[in-house]
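Here the structure of chain A is known, so what remains is to put chain B in place on it, guided by the hints.
Heads up: the sequence lines are chains A and B, in that order. According to this note's numbering, the first sequence is numbered sequentially starting from 1. According to this note's numbering, the second sequence is numbered sequentially starting from 1.
Derived by calculation from the structure, the hints in this document are not laboratory data. Worth double-checking, as some hints may not be accurate.
[Unchecked claim] Straight line, CA to CA, 20 Å or less: simulated EDC-like cross-link-like pairs of lysine to aspartate or glutamate:
1) B:K107 with A:E56
2) B:K87 with A:E56
3) B:K138 with B:E69
[Unchecked claim] From the derived model, a few chain B residues whose C-beta atoms are all more than 10 Å from chain A:
4) E55
5) S68
6) E85
7) D96
8) V136
Don't be surprised by glycine CBs; every beta carbon is placed ideally from N, CA and C.
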Amino acid sequence: MLATLIIVFREVLEASLVVGIVMAASRGVPHRSLWIFGGCAAGVLGALVVAGFATEIASLVQGIGQELFNAAILFAAVAMLGWHNIWMSRHGRDLAADATRLGKDVVAGTRPLHALALVCGVALLREGSEVVLFLYGVAVSGGNSAASMMLGGVLGVAAGLAVGAAIYFGLMAIPMRYLFSVTSWLILLLAAGMASQGAAFLSAADVLPSLGDSVWDTSGLLSERSLLGQVLHVLIGYTARPAGIQLVFFAATLIILGTLMRALRIQHPPRRTLPPSALPSKAV
Amino acid sequence: MARWIVALARPAAVASPGRTPASLRARAPAVLAGLGLALGLGLGAALPALADEPEVAISIRDHQFVPSEINVTAGQKIKIVVKNEGKMPSEFESVDFHREKVVPSGKEITLFVGPLNPGSYEFFDDFHPDTRGHLVAK
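One chain only, chain A, in its complex shape (with noise of 0.2 Å):
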């Protein structure tokens, strides 16, 4: 059960904290669970029907389907955190006056919830789908131990979804005006991090070169299968052992969403109709 406990936990933990980043991310705006939850559901949907699809799916291509179809999605959630982070760099600031204030229907709408949606759908039917396979797995191999190892399943996801759980809170604890920088960083490192896994599987796939295996190792001090090392690994993008070709999409996706995040930004005097001292800190 323990086993079973771990390899599901493992699995939900990178979707979960995504999730909870996300919703982090999108504080104060209205409507935001249904979209993101949605995009949550949608993701599972679609994980039943990858996993459903597995063999098919790993035959595509010449056998490369899987590779190419996790390196897409890992794009595809790439470019979603980046259409919000500069979305945030133009509108962030009045976002945060708004919010402590009337203007929440100011926002309403115009926020990229969608594009948020679909990075936790996306999320969770790249991690789900092995999920769903793995329990399957379990279930179909019957045995007394069947029931057990569910039991385990069920905990693990319970699990992951805690440390998920417990990100989002510890973000909320952060004050309002604050919060949306430390999320830009977090999802910018976050996208960083995705791409650097897509460029893995492009050259697991052999449609791009590897540039040097492990350029660095640093397993003897921080392995990548410890939790620490997972949740940097979901977070920054903390690699071991890091191929070249990871380094280059890492260093390249934080320096170009950096550069349009600054070069993009709005560049105008904060509307303020009260002084700032009359501003309430906290928000809602």
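Relative to the frame of chain A, chain B by itself:
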């Protein structure tokens, strides 16, 4: 990747000194996602896997890798074929050489690794983490 993000972000910037038209705002994420998918699939179609790398065959049998230790040449790209002879799906994974690929029951998958520096690289079945093996690059 660099180019398409820039290319996509530009139109939004040009079209919107103050605000982005609603239609563009609504469509851009879909366009970005579509291009992400197209990039993955397009690259796959444009650069089909080469077939001249040395090939290594591994079977998963009764939750064991057979063979569980494989010597490969360092400094050369290697093609690994993993066949799952068990009844349960497996996921061939390695943190050391960054690979993860689901191997459905009764199927085989192909993946490319390296060129590796000399050393030992562990791989495992992510669905049965006690099932482990090593690639030894010399």
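Discussion item. Please verify whether K138 (chain B) and E69 (chain B) have alpha carbons no more than 20 Å apart.
Written reply: Roughly 13 Å separates the two Cα atoms, so the pair holds.
Discussion item. Run the distance test for K107 (chain B) versus E56 (chain A): straight-line Cα separation, threshold 20 Å.
Written reply: holds (11 Å)
Practice prompt. Grab the minimum beta-carbon distance between E85 (chain B) and chain A and tell me whether it stays above 10 Å.
Written response: holds (14 Å)
Practice prompt. Over 10 Å to the closest beta carbon of chain A is the bar; see if D96 (chain B) clears it.
Written response: violated (6 Å)
Fill in: Restraint check for K87 (chain B) with E56 (chain A), where alpha carbons must lie at most 20 Å apart
holds (18 Å)
Discussion item. Verify this label for me: E55 (chain B) is non-interface relative to chain A, using a Cβ-Cβ cutoff of 10 Å.
Written reply: Holds, since 13 Å exceeds 10 Å.
Discussion item. If we take the beta carbon of V136 (chain B), is the closest beta carbon in chain A still more than 10 Å away?
Written reply: V136 (chain B) is indeed farther than 10 Å from all Cβ atoms of chain A, at 14 Å.
Worksheet item: Would S68 (chain B) pass as off the interface with chain A, using Cβ distances and a cut of 10 Å?
Response: holds (18 Å)
Going through the hint list in order, the structure does not satisfy hint 7, though it satisfies all others.
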